Amino acid sequence: MSHLQIFDEADAATPLLDTDDAAVIAEQLGAIGVRFERWPTREVASADEVLSAYAPEIDQLVAADGYRSIDVMGVTPDHPDRATIRTKFLSEHTHAEDEIRFFVDGQGLFTLHEGGRVFNMLCTRGDLISVPAGMRHWFDMGAEPQFSVIRLFLNPDGWIAQFTGDDIADRFPRLEPAHA
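Count along the sequence shown starting at 1, add 265, and that's the number in this note's numbering.
In case anyone wonders, no lab produced these hints; they're calculated from the structure. Keep in mind the model is a prediction, meaning the values are calculated, not measured. One or more hints might be untrue.
[Claimed, not checked] Distance condition first, Cα-Cα at most 25 Å in a straight line; then the derived SDA-like pairs of lysine to any residue:
| hint | residue 1 | residue 2 |
| --- | --- | --- |
| 1 | K353 | L419 |
| 2 | K353 | A277 |
| 3 | K353 | A318 |
| 4 | K353 | Q372 |
| 5 | K353 | I425 |
| 6 | K353 | E274 |
| 7 | K353 | R307 |
[Said to hold, decoys possible] Ranges of calculated distance between the beta carbons of each label pair, as one might list FRET restraints:
| hint | residue 1 | residue 2 | range |
| --- | --- | --- | --- |
| 8 | W424 | I297 | 20 to 30 Å |
| 9 | A320 | A278 | 28 to 38 Å |
| 10 | I297 | Q427 | 15 to 25 Å |
| 11 | P438 | G380 | 13 to 23 Å |
| 12 | A320 | A275 | 27 to 37 Å |
| 13 | E308 | D432 | 26 to 36 Å |
| 14 | A320 | R436 | 20 to 30 Å |
| 15 | D276 | E314 | 21 to 31 Å |
| 16 | W424 | T284 | 27 to 37 Å |
| 17 | H344 | F428 | 20 to 30 Å |
| 18 | S334 | A275 | 15 to 25 Å |
| 19 | D431 | S317 | 35 to 45 Å |
Backbone N, C-alpha and C fix where the C-beta goes; we use that ideal spot for every residue, glycine too.
Produce the entire structure from the sequences given, and follow the hints as far as they go.
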């Protein structure tokens, strides 16, 4: 289930807001320029099926925003490079273009740093998030990642980060394994 926690940037222990309500999440993220939507989910077995199954939604995003490169990326707990891939995203960074992801399956924690606040946004199956260009953020897929996302880019070269050098990401909660 989608989950948002908002913290003061000086206090990683006490959430100012803690909610699973999708409407509240969309409102809170929208206030800082982040797009959050819940899309219908569909059963798919391969990357080609993912792009075909979500073609209407992808086509709308491409028509509205001009994305030129679209792919499907996923990581599983048995991926041999999962630790290296995880580390790549854990430090605060920005991008010159929006970072847009749709979670086809699994989960990941986007943490946004804006206006003196830190927004821990747990994205799960069916969530679309678009982090605006220039917004400071980081991403944690967890020590045992399990997710598949559709990624859309304006730049055909894909994901390019500019790291801030701030160690703030080390002070805030990471993605913990789900417990039944």
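Is the Cα-Cα distance between K353 and L419 25 Å or less?
-> holds, 21 Å
Measuring from beta carbon to beta carbon, are A320 and A278 in 28 to 38 Å?
-> violated, 44 Å
Beta-carbon spacing of A320 to R436 - inside the hinted bounds 20 to 30 Å or not | violated, 41 Å
E308 versus D432 beta-carbon gap, inside 26 to 36 Å or not | With a Cβ separation near 41 Å, E308 and D432 fall outside 26 to 36 Å, so the hint is violated.
Does the alpha-carbon distance linking K353 and R307 stay inside the 25 Å limit?
-> Distance ~29 Å between K353 and R307 Cα, so the pair is violated.
Is the Cα-Cα distance between K353 and I425 25 Å or less?
-> holds, 11 Å
Beta-carbon spacing of H344 to F428 - inside the hinted bounds 20 to 30 Å or not = Once the Cβ atoms are compared, 23 Å apart, the range 20 to 30 Å for F428 and H344 holds.
Pairwise beta carbon distance, W424 to T284, judged against the given window 27 to 37 Å | Holds: the Cβ-Cβ distance is about 29 Å, inside 27 to 37 Å.
Between K353 and Q372, does the CA-CA distance stay at or below 25 Å?
-> holds, 17 Å
How does the Cβ-Cβ distance of P438 and G380 compare with 13 to 23 Å: does it lie in that range?
-> holds, 19 Å
Within 25 Å, alpha carbon to alpha carbon, are K353 and A277?
-> Status holds; Cα separation ~22 Å.
Verdict for I297, Q427 (Cβ pair) under range 15 to 25 Å | holds, 19 Å
Checked against the numbered hints given earlier, this structure breaks hints 3, 7, 9, 12, 13, 14, 15, 18; the rest are met.
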